[in-house]
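S.K.: Listed here are the chains, written in short residue letters.
Number of protein chains: 2
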Amino acid sequence: MSLTRTPLVGVLGGMGPLATVDFLHKLILATPAGRDQEHVPTVVWNVPQIPDRQHYLAGHGDSPLPAMLEGIERLNEAGATRIVIPCNTAHHWFDELAAASTAPLIHIVDATLDALERDAASECVGIIATRGTLQSGLYQQRLAARGISYVLPDEPALDRWFTPGCYAVKRNALPLAGNLLEQVAEALVGQGATRLILACTEVPVALAAINSPLQAVSIDPAVALAKAVLAYWNHAQAAGAVQPTALAAP
Amino acid sequence: MSLTRTPLVGVLGGMGPLATVDFLHKLILATPAGRDQEHVPTVVWNVPQIPDRQHYLAGHGDSPLPAMLEGIERLNEAGATRIVIPCNTAHHWFDELAAASTAPLIHIVDATLDALERDAASECVGIIATRGTLQSGLYQQRLAARGISYVLPDEPALDRWFTPGCYAVKRNALPLAGNLLEQVAEALVGQGATRLILACTEVPVALAAINSPLQAVSIDPAVALAKAVLAYWNHAQAAGAVQPTALAAP
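Line order of the protein sequences matches chains B and C.
Under my numbering, think of the first position of the first sequence as 106, with each following residue one higher.
Under my numbering, think of the first position of the second sequence as 106, with each following residue one higher.
FYI, nobody ran anything at the bench for these hints, they're computed from the structure.
Watch out, some of these pointers could steer you wrong.
One copy or two, it doesn't matter: identical chains are merged, so the pair holds either way.
Derived SDA-like pairs (lysine to any residue); straight-line CA-CA distance at most 20 Å [what the hints assert, rightly or not]: (1) K332 - A216; (2) K332 - A138; (3) K332 - I211.
Using the sequences and the hints given, assemble the complete structure.
M.R.: Structure, rendered in structure tokens:
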């Protein structure tokens, strides 16, 4: 991989398809572009025929890893120079995916905690996520490492509101999903949370659909990931500006 | 190309990036899926660093064709079995792109006129499109061939409302864009149009943003293209059902 390679952001999508589109939309909204050509170039592997991540982590069905590895391979073949995955649960397999990829991967949790720190929050963070994401400890470990306290949804909240809310997004029943997932958010606020991380990419879509006031204290990892992508793109552009001849090469 | 190839829809996007996301969203909304795995698998080449199509057709700047051909090549390499382009103006180069592609391309105008005929319209159709699309005669020729009458925006409408409205979408100024583009639509209704084809992928985004009542008589080529993609996917699935062993092969 040479320094002169054209920057291209690979998106390993399909988990789910709507969350992928939501991420792409947020990337466009975060980009201060005045014309098409100023937007971040992306190649998107949006193939949702991947075994269910939550089912597998709960002990049922096939591993989604082989299908995800195929996506990583295709994105590298297509020329991706960075890869992102707009799905929190999929980050359970981040290390295996990163090891198989020539293009470096940007981790959604690192991007999210960078956004939290920029907001100067030394508050109590509530994490809304799938059981798989919560059990993997992805967010908790990184929050603890930065000395930030957190609270998690309890089992009844996951069963009664989170899981049905998540699947309601997947079948486009957004108002129902919003009402269910807002109850998870309210329960965390009741447990002391002053900030919320919407750590399942289906949740922000649902809360936006019902215009929930809790959006004001929420961090959307998809937005944080979009900002990290934009920072990479801006850096790559700036690097190009100091070596225009090399970058102009085919 | 064997009959057992896994169906995968390639999307040549980036013209513009928001129109690409809008098309992907409409494809998801058009799909009667109950879970992720039932959605249409897509690979999206969303690289907007393509010379401006409208400028080139007006006699300025570089041809966008080489950049579009690169996208077609990458989508074929990624395994696409059908390719669509959610941009009307880009269909000026449809024949060259189709000739360079192993995967067949679905034409957005054919998809749109199929939708019009399904709606049993023997009415007068107003076409809202870029100068490039209008001058290419893409819609007019196909409408005439089916014996359907049409009206077009006049030069002042294109200069005063259409072109600034289109570029307003590209910089995300959606309410302004909606107000400008609705005036083009109202002028066509004044000229006798009883149906409208929103033949520039930026227009439906803008009219939706202001919730224009003219949406009720409009056909959105992006929705028509999504339905054509879904018809292909359903057909490929049904074909798979009669030869499950072959399709199960890697």
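S.K.: Decide, hint by hint, whether the structure agrees.
M.R.: Evaluated hints:
For the identical chains of this complex, K332 and A216 are intra-copy neighbours only, at 8 Å inside a copy versus 36 Å across copies, given an alpha-carbon limit of 20 Å. In this assembly of identical chains, K332 and A138 lie within 20 Å of each other by CA distance solely inside one copy; the values are 14 Å within and 31 Å between copies. Taking identical chains as interchangeable, the C-alpha atoms of K332 and I211 lie at most 20 Å apart only when both belong to the same chain, with a minimum of 11 Å there against 34 Å between chains.
Checked against the numbered hints above, the structure violates none of them.
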